[in-house]
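Engineer: Start from chain A and add chain B according to the hints.
Chains as they are written, first to last, in numbering that gives the first Met the number 0: chain A, 0 to 100; chain B, 0 to 257.
Be aware that one or more of the hints could be misleading.
In the BS3-like style, the derived pairs of lysine-lysine whose C-alpha atoms are separated by at most 27 Å in a straight line are [to be verified]:
#: 1; chain 1: B; residue 1: K185; chain 2: A; residue 2: K7
#: 2; chain 1: B; residue 1: K204; chain 2: B; residue 2: K244
#: 3; chain 1: B; residue 1: K155; chain 2: A; residue 2: K7
#: 4; chain 1: B; residue 1: K237; chain 2: B; residue 2: K200
#: 5; chain 1: B; residue 1: K29; chain 2: B; residue 2: K237
#: 6; chain 1: B; residue 1: K237; chain 2: B; residue 2: K55
FYI, nobody ran anything at the bench for these hints, they're computed from the structure.
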Amino acid sequence: MCSYIVEKAALTGSAKGRGWMKIDTAHVYYDHPFHAPLDHALGIDFINAANGGRERVAIEISAESARELVRAILSALESGEQEHAAAAAAQAACPAAASAG
Amino acid sequence: MSYQALQGETIPFRGHDGYQSEAYFARPLKTGRVPGVVVIHHMPGWDEWTTEVTRKFAHHGYAAIAPNLFVRFGPGDPDDVVARARPAGGAYDAEVMGDVAACMAYLRSLPDANGKIGVIGFCSGGRHTYLAACTLPGIDAAVDCWGGRVIVDDPKEFSPQRAVAPIQFTARLACPLLGIFGNDDKNPTADQVNRTEQELKRHGKTYEFHRYDGAGHSFFDYGRPAYRPEQAADAWQKVFAFFDKHLAASAGQPAAAA
Numbered sequence: 000m001c002s003y004i005v006e007k008a009a010l011t012g013s014a015k016g017r018g019w020m021k022i023d024t025a026h027v028y029y030d031h032p033f034h035a036p037l038d039h040a041l042g043i044d045f046i047n048a049a050n051g052g053r054e055r056v057a058i059e060i061s062a063e064s065a066r067e068l069v070r071a072i073l074s075a076l077e078s079g080e081q082e083h084a085a086a087a088a089a090q091a092a093c094p095a096a097a098s099a100g
Numbered sequence: 000m001s002y003q004a005l006q007g008e009t010i011p012f013r014g015h016d017g018y019q020s021e022a023y024f025a026r027p028l029k030t031g032r033v034p035g036v037v038v039i040h041h042m043p044g045w046d047e048w049t050t051e052v053t054r055k056f057a058h059h060g061y062a063a064i065a066p067n068l069f070v071r072f073g074p075g076d077p078d079d080v081v082a083r084a085r086p087a088g089g090a091y092d093a094e095v096m097g098d099v100a101a102c103m104a105y106l107r108s109l110p111d112a113n114g115k116i117g118v119i120g121f122c123s124g125g126r127h128t129y130l131a132a133c134t135l136p137g138i139d140a141a142v143d144c145w146g147g148r149v150i151v152d153d154p155k156e157f158s159p160q161r162a163v164a165p166i167q168f169t170a171r172l173a174c175p176l177l178g179i180f181g182n183d184d185k186n187p188t189a190d191q192v193n194r195t196e197q198e199l200k201r202h203g204k205t206y207e208f209h210r211y212d213g214a215g216h217s218f219f220d221y222g223r224p225a226y227r228p229e230q231a232a233d234a235w236q237k238v239f240a241f242f243d244k245h246l247a248a249s250a251g252q253p254a255a256a257a
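Chain A with its partners taken away, still in its complex shape (with noise of 0.2 Å):
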């Protein structure tokens, strides 16, 4: 609440508000949110560091729903990891089969 606690988050990767944008920096709170009808909210400001972070890609969520995304997150990083190592496995042990299923 009014502070300036910023939970700094170094990326790689783009974003896309207006247009796509190349990222590099999280800027992570919990503060009054600008446009969430929430007294508080966890707020993250994409943006890219290295060209000045003037343009970002901000949301602003309830303090449950950044939970539910942190979960999401990791939820879809393991299974997603998990099946492309499987694929790959599959494609180093016969390169043929792999590729044409």
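Structural biologist: Below, chain B alone, put in the same frame as chain A:
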């Protein structure tokens, strides 16, 4: 209802250290001397709510000015500017005090000024108000609305931008102070509000504190669940009664006769 008119606009002004700054300025369009009020915005920035509050003072007969305290973080929509100000730690106290002092000078320079100046601030602006009332000369009345960190209990809350706890300057408070607080607020807590009051008492200062049950932080803000219409309506009445008492003694007098 009598004829009503006011003008609200963004104006340039020279802030702390001569920095080319900007403020939202609103004034009633009427003849006669008017008191001035500096509106210090909350941490969510120089936003639409701040301009609405500034116009509210103009509606009630005050020339009101709200400086953009985050102007040094560049142009843009208020939320984008705050997104840059937050990780940078916000504005320095010295910058804020300099900007407020410059706005006070602007208000005094108006041809229809009655010479009285009030300061009001919300949230972090409440803390700035307390600091201004204790350290800037020429303030006739000050209103601290739920200013957090007037008392700092955790030294980790100090930063280069906010290196002092305004409570330490209470002995220098030179104007009446009105405090508006929600008893459910976590910043400031009810205990911190009590200790601030004790310090004001100890130094024999003139003050009024009003504490509201069922209200927390930012309970004036009608865009959030924190809004408490009954408490906010009562507190706004307290604000205008306080400023009318301390600032508006000369209001309504024809400018040419003064």
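Engineer: All hints, please: hold or fail.
Structural biologist: Now the hints, each set against the structure:
{"no.": "1", "hint": "K185(B) <-> K7(A)", "result": "25 Å, holds"}
{"no.": "2", "hint": "K204(B) <-> K244(B)", "result": "17 Å, holds"}
{"no.": "3", "hint": "K155(B) <-> K7(A)", "result": "18 Å, holds"}
{"no.": "4", "hint": "K237(B) <-> K200(B)", "result": "20 Å, holds"}
{"no.": "5", "hint": "K29(B) <-> K237(B)", "result": "24 Å, holds"}
{"no.": "6", "hint": "K237(B) <-> K55(B)", "result": "14 Å, holds"}
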